[in-house]
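Quick note on the working numbering: the sequence shown kicks off at 174 and runs consecutively.
It cannot be assumed that every hint is accurate.
Cβ pair distances, simulated, as ranges [to be verified]:
hint: 1; residue 1: Leu318; residue 2: Gln278; range: 23 to 33 Å
hint: 2; residue 1: Lys319; residue 2: Lys269; range: 29 to 39 Å
hint: 3; residue 1: Lys263; residue 2: Thr313; range: 41 to 51 Å
hint: 4; residue 1: Ile314; residue 2: Val266; range: 43 to 53 Å
hint: 5; residue 1: Asp185; residue 2: Thr313; range: 35 to 45 Å
hint: 6; residue 1: Ile314; residue 2: Ala261; range: 45 to 55 Å
hint: 7; residue 1: Met196; residue 2: Lys319; range: 38 to 48 Å
hint: 8; residue 1: Lys287; residue 2: Lys252; range: 14 to 24 Å
hint: 9; residue 1: Asp254; residue 2: Asn290; range: 17 to 27 Å
hint: 10; residue 1: Leu318; residue 2: Met174; range: 40 to 50 Å
hint: 11; residue 1: Ser233; residue 2: Leu318; range: 23 to 33 Å
hint: 12; residue 1: Cys180; residue 2: Arg213; range: 18 to 28 Å
hint: 13; residue 1: Ser176; residue 2: Val210; range: 15 to 25 Å
Lysine-lysine pairs mimicking DSS-like chemistry, simulated, CA-CA at most 25 Å apart [as the list claims (entries may be wrong)]:
hint: 14; residue 1: Lys269; residue 2: Lys296
hint: 15; residue 1: Lys252; residue 2: Lys292
hint: 16; residue 1: Lys243; residue 2: Lys284
hint: 17; residue 1: Lys296; residue 2: Lys284
hint: 18; residue 1: Lys263; residue 2: Lys287
hint: 19; residue 1: Lys183; residue 2: Lys205
hint: 20; residue 1: Lys249; residue 2: Lys292
hint: 21; residue 1: Lys292; residue 2: Lys263
hint: 22; residue 1: Lys319; residue 2: Lys296
hint: 23; residue 1: Lys284; residue 2: Lys249
hint: 24; residue 1: Lys263; residue 2: Lys243
Don't read these hints as lab results, they were simulated from the structure.
Keep in mind the model is a prediction, meaning the values are calculated, not measured.
We treat Cβ as the ideally placed atom computed from N, Cα and C, and that holds for glycine.
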Amino acid sequence: MGSCEICGRKSDNLIKAIVEGVMIGVCSECSKYGKVVAIRKPLIEPRRSISIKTNDSYESIVENYANLVKTAREKKGMKQDELAKTLAEKESVIQKIEGGNLRPQINLARKLEKFFNIKLIEKLEERKDVSLNLKDSSLTIGDILKLRNRKA
Numbered sequence: 174m175g176s177c178e179i180c181g182r183k184s185d186n187l188i189k190a191i192v193e194g195v196m197i198g199v200c201s202e203c204s205k206y207g208k209v210v211a212i213r214k215p216l217i218e219p220r221r222s223i224s225i226k227t228n229d230s231y232e233s234i235v236e237n238y239a240n241l242v243k244t245a246r247e248k249k250g251m252k253q254d255e256l257a258k259t260l261a262e263k264e265s266v267i268q269k270i271e272g273g274n275l276r277p278q279i280n281l282a283r284k285l286e287k288f289f290n291i292k293l294i295e296k297l298e299e300r301k302d303v304s305l306n307l308k309d310s311s312l313t314i315g316d317i318l319k320l321r322n323r324k325a
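Assemble the whole structure, with the sequences as input and the hints as a guide.
Shown next, in the form of structure tokens:
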């Protein structure tokens with residue numbers, strides 16, 4: 174409940190009107206002193222939330238990597254120090270990998286895969302459904318762009 178800005182009368186139905194170049198809220202009787210402005214309401218209500226599906230994939234080393242590397246090396250008839258020199262790695266790293274004490278980095282696992290023609294890296298995918306609430310005032314355009322880039 175507001176009051177007319179010209180006469181001060183309290184009214185529930187204030188009308189927006191331009192009086193002497195200024196838009197003010199006036200009652201129905203004072204609306205004749207200015208030009209009544211029709212305020213349009215949107216026909217379609219804006220979307221309140223967005224649902225984005227993202228696929229996050231990452232690479233992981235298989236569980237039995239130690240046995241795979243050791244058996245592949247033994248099939249080729251190589252010693253650990255020979256393999257280390259061939260791959261430009263330390264012998265202690267090869268020993269720890271074959272012993273199961275050290276999980277190889279992705280780049281070293283790729284070297285081993287190429288050299289022995291075995292599969293050490295598996296690709297894991299994780300699907301996430303992200304729902305955004307557009308009423309939340311802390312959401313920024315940057316947040317939406319990050320989610321869009323993650324989706325692609």
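Hint compliance check: list the failing hint numbers for this structure, sorted ascending. Nothing - there is no hint that the structure violates, so all of them hold.
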